[in-house]
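Can you make the complete structure from the sequences, with help from the hints?
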Amino acid sequence: MITLIEIAYMAAAVLFIFGLKMLSKPTTAVRGNLLSALGMFLAIAATLLDKQIISFEWIIVGVLIGAVIGGIAALRVPMTSMPGFVAFFNGTGGLASLLVGWSDYHVRFTGSGYGPLDTDTFVLLLATFLAILIGGVTFSGSMIAYAKLEEKMNSKPLLFKGQQAVNALILIGIVSLCILFILFPNAGVLYALFLLGIVLALILGVLVTIPIGGADMPVVISLLNSYSGMAACAAGFVLGNTVLIVAGSLVGASGIILTSIMCKAMNRSLINVLFSGFGASAGSVSASAQKGDAKSLTPEDAYFVLEAASSVVFVPGYGMAVAQAQHAVKELGDLLQKNGAEVKYAIHPVAGRMPGHMNVLLAEANVPYEQLVEMDDINPIIDTVDVCIVIGANDVVNPAAREDEKSPIYGMPIINVDMARCCFVIKRSMASGFAGIDNPLFFKENTRMVFGDAKAVITALVNEFKSS
Amino acid sequence: MTIMLLLFTFLIAVFLGVELITKVPSQLHTPLMSGSNAISGITIVGALIAAGQGASSWVLTILGVLAMICATINVVGGYLVTDRMLRMFKGKEGRKQ
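In order, the protein sequence lines correspond to chains F and D. Note that the numbering used here gives residue 174 to position 174 of the first sequence, counting from 1, and the numbers run on in steps of one. Count along the second sequence from 1, then add 1000; that gives the number in the numbering used here.
No wet-lab data here; the hints were simulated from the structure. C-beta atoms are modelled at their ideal positions from N, C-alpha and C, and glycine is treated no differently. It cannot be assumed that every hint is accurate.
[Stated by the list, open to error] Below, a sample of chain F positions facing chain D; criterion: calculated Cβ distance under 10 Å:
id, residue
1, ALA13
2, ASN33
3, ILE69
4, THR92
5, GLY94
6, PHE122
7, PRO218
8, ASN225
9, GLY236
10, LEU244
11, GLY352
12, TYR410
[To be verified] In silico lysine-lysine, PhoX-like type, Cα no more than 25 Å apart, as pairs:
id, chain 1, residue 1, chain 2, residue 2
13, F, LYS264, F, LYS21
14, F, LYS156, F, LYS406
15, F, LYS444, F, LYS338
16, D, LYS1023, F, LYS264
17, F, LYS25, D, LYS1090
18, F, LYS25, F, LYS264
19, F, LYS466, F, LYS406
20, D, LYS1023, F, LYS152
21, F, LYS295, F, LYS156
22, D, LYS1023, F, LYS21
23, F, LYS264, F, LYS466
24, F, LYS338, D, LYS1090
25, F, LYS264, F, LYS156
26, D, LYS1090, F, LYS21
27, D, LYS1090, D, LYS1023
Okay, structure coming up:
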């Protein structure tokens, strides 16, 4: 028989699916998110009617505390801190799944115990263990990612001797615990081992996230996002709840797709991103000796070039976020447009610290999305561009990825700013980027370095335009 | 049988997720992440069951309330932050109003 609750769950699943579908266009995305929120509301309301729920006081306490914390955090976080907070919210979801798995285990362990090991019991036990394992890794991993993104800890990769061996040992420990757990779920000592499993999962989450450096964060956040979905999905198998399974696997799949898009955009495998500690040895990699000097330009001289340009493309990177220069960039873009130039913003898929990071910042600064172009759309026409302005981006515009087979980033798709008629690089110094690789772009014939803080330089250019 | 049905549901949902997400343009990747992150807060349904089954022991009460707090942070924070971001994505038409 189909109950009212099941119908509500089905409706919620449909709303999630439509919500995600509508997220694929800027015009429908706001409504899509609202639809998905409505689905969530429906699922919660239906669950409250469930006969298993007999006491409401603790639910109300939990909702009130959670809503205040989540609400305040969401409304107050500045757009530049978005990657960190997405990681934070993601982590709380993982912890919730862990606690749900633990709570279900506690009820059964202290109650009637698990039945004989048939298919149903096996799936139940495996799902319980996966819920605490994936939930734990999601939680501690996301919190480390949050700390790194918010600069509460060093965002450089953290590597120590024997790291792989420690990881392998912990993994072996977790697998053995899982086998013991499935074989003897009712044994008295198992509760302690179950708790040990939770601790190991939390440690594993920390260990797999600390070796990952700042610029590889887009990959890790996508992956953790996927984990939080899988943890919810595992919790769904524990409770035999379809809406948890459907929603959890939708998120799990979406996270995996994003992860693979990010990896492709860096021309690296997921294994390489997770274990290589890329960027740890900053400055030591110099694939080819540089010849010639970089030519620098003052903002005043840069103004005269821009004033005569008929097409200008901005290429932002993480440096724009750090300098909070997005509003100044938009102002300069508007002035250039008023001056008769065609202005575009070209965005590399892994620019910044999370997928789509630059798009959010430019949207915050009121740049219409029609002016934002993707890498594959700008590259074919880049030789018709008069001036490319690179702001705080480095590795994603490094021509070594195209020209130098010995370079560690060789093969990574880049925005070919060096092929534009002229290229300005706004940068504080000649220091190399995150990957620690020299950038031959700085020494190209048509490149001019404009040294200084991104915001200060752009503001200086804006003032030049205004005063003339 | 029920397990098979659940596994079947799982498999279909994974394929559907892949199909839906590959169509999202890169400019919307951040809201997509935070929006799907909010959906993973569906674990709140599990938390409701954990917190609402009546306090037979203090361990369960604590686990239930903590699960409720965490899941609510995920849901409320996730949806609000996504909404805030998406409202900034406007085309030329939207700017004029």
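Numbers of the earlier hints that this structure fails to satisfy, in rising order: Numbers 12, 15, 19, 20, 21, 23 - these are the hints that the structure violates, sorted from lowest upward.
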